[in-house]
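Could you build the full structure based on these sequences and the hints that come with them?
2 protein chains.
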Amino acid sequence: MKTLLQVDFPYTGPFGDEMTTAMKELAESIAQEPGFIWKVWTENPDTQEAGGIYLFEDEASARAYLEKHTARLMGFGIPHVNGKVFGVNEALSAIDNGPVSLS
Amino acid sequence: MKTLLQVDFPYTGPFGDEMTTAMKELAESIAQEPGFIWKVWTENPDTQEAGGIYLFEDEASARAYLEKHTARLMGFGIPHVNGKVFGVNEALSAIDNGPVSLS
Chain A
1 MKTLLQVDFP YTGPFGDEMT TAMKELAESI AQEPGFIWKV WTENPDTQEA
51 GGIYLFEDEA SARAYLEKHT ARLMGFGIPH VNGKVFGVNE ALSAIDNGPV
101 SLS
Chain B
1 MKTLLQVDFP YTGPFGDEMT TAMKELAESI AQEPGFIWKV WTENPDTQEA
51 GGIYLFEDEA SARAYLEKHT ARLMGFGIPH VNGKVFGVNE ALSAIDNGPV
101 SLS
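Listed in order, the protein sequences are those of chains A and B. Residue numbers in the first sequence follow UniProt numbering, run continuously in steps of one, and reach 103 at the last position. Residue numbers in the second sequence follow UniProt numbering, run continuously in steps of one, and reach 103 at the last position.
Among the clues, some could well be false.
Ranges of calculated distance between the beta carbons of each label pair, as one might list FRET restraints [as the list claims (entries may be wrong)]:
hint: 1; chain 1: B; residue 1: R63; chain 2: A; residue 2: A60; range: 27 to 37 Å
hint: 2; chain 1: A; residue 1: E90; chain 2: B; residue 2: A94; range: 22 to 32 Å
hint: 3; chain 1: A; residue 1: E28; chain 2: B; residue 2: Q48; range: 17 to 27 Å
hint: 4; chain 1: A; residue 1: T12; chain 2: B; residue 2: A31; range: 28 to 38 Å
hint: 5; chain 1: A; residue 1: H80; chain 2: B; residue 2: D46; range: 39 to 49 Å
hint: 6; chain 1: B; residue 1: P79; chain 2: A; residue 2: Q48; range: 23 to 33 Å
hint: 7; chain 1: B; residue 1: A71; chain 2: A; residue 2: A71; range: 15 to 25 Å
hint: 8; chain 1: A; residue 1: A94; chain 2: B; residue 2: D46; range: 22 to 32 Å
hint: 9; chain 1: B; residue 1: M1; chain 2: A; residue 2: E25; range: 19 to 29 Å
hint: 10; chain 1: B; residue 1: E90; chain 2: A; residue 2: R72; range: 21 to 31 Å
A few chain A residues that don't get close to chain B, going by computed Cβ distances all over 12 Å [stated by the list, open to error]:
hint: 11; residue: T20
hint: 12; residue: A22
hint: 13; residue: A31
hint: 14; residue: P34
hint: 15; residue: S61
hint: 16; residue: K68
hint: 17; residue: M74
hint: 18; residue: G77
hint: 19; residue: I78
hint: 20; residue: P79
hint: 21; residue: E90
Don't read these hints as lab results, they were simulated from the structure. Virtual Cβ for every residue (Gly too), placed ideally from N, Cα, C.
Below, the structure is given as structure tokens:
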């Protein structure tokens, strides 16, 4: 079952184009994770937060990635990471053009 | 600038196909909201939570919708709603197949 992973955490930058430069290699490696379908990278300089919304093929892949990514972020000095795993309601998402059937 | 809205809240059901039946009309109305691009509907019977990940054309649309939706959910008896608004890093999302350039 398609699984959505919702991650956010305190983040002091860099934001915007500088974030792109700093995180490009990480983004390329994430695309290779088992069960990974897509990630939307999120950032908010006003609240000093960042994160990501991920779609995985199944819950096991999402949970394994969350464990790995949380450890990595804490290694970057991030004090805590909020991670939530959800099933996707594909029928309701389809009504709202939700991109869950892409691969 | 494309804006991602992340919403989750305590939810005791219905889940799955029953949720689809119960929420179909709401999903159809959400598709008509100003600035709305897509929503992925999320649900977790284990943690008794549900929510949604939305993409909007701009921050003002996302914030107006969050205010409206929070009031609606509280009217359904939901005790509190977690809503976070983020900018989207489109360049990093593109590397990870993030569906932010769809319309």
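So, going through the hints one by one against the coordinates:
no.: 1; hint: B:R63 with A:A60: 27 to 37 Å; verdict: holds (36 Å)
no.: 2; hint: A:E90 with B:A94: 22 to 32 Å; verdict: holds (24 Å)
no.: 3; hint: A:E28 with B:Q48: 17 to 27 Å; verdict: violated (37 Å)
no.: 4; hint: A:T12 with B:A31: 28 to 38 Å; verdict: holds (37 Å)
no.: 5; hint: A:H80 with B:D46: 39 to 49 Å; verdict: violated (22 Å)
no.: 6; hint: B:P79 with A:Q48: 23 to 33 Å; verdict: holds (27 Å)
no.: 7; hint: B:A71 with A:A71: 15 to 25 Å; verdict: violated (39 Å)
no.: 8; hint: A:A94 with B:D46: 22 to 32 Å; verdict: holds (24 Å)
no.: 9; hint: B:M1 with A:E25: 19 to 29 Å; verdict: holds (25 Å)
no.: 10; hint: B:E90 with A:R72: 21 to 31 Å; verdict: holds (23 Å)
no.: 11; hint: T20; verdict: violated (4 Å)
no.: 12; hint: A22; verdict: violated (10 Å)
no.: 13; hint: A31; verdict: violated (5 Å)
no.: 14; hint: P34; verdict: holds (14 Å)
no.: 15; hint: S61; verdict: holds (14 Å)
no.: 16; hint: K68; verdict: holds (15 Å)
no.: 17; hint: M74; verdict: holds (20 Å)
no.: 18; hint: G77; verdict: holds (20 Å)
no.: 19; hint: I78; verdict: holds (16 Å)
no.: 20; hint: P79; verdict: holds (17 Å)
no.: 21; hint: E90; verdict: violated (8 Å)
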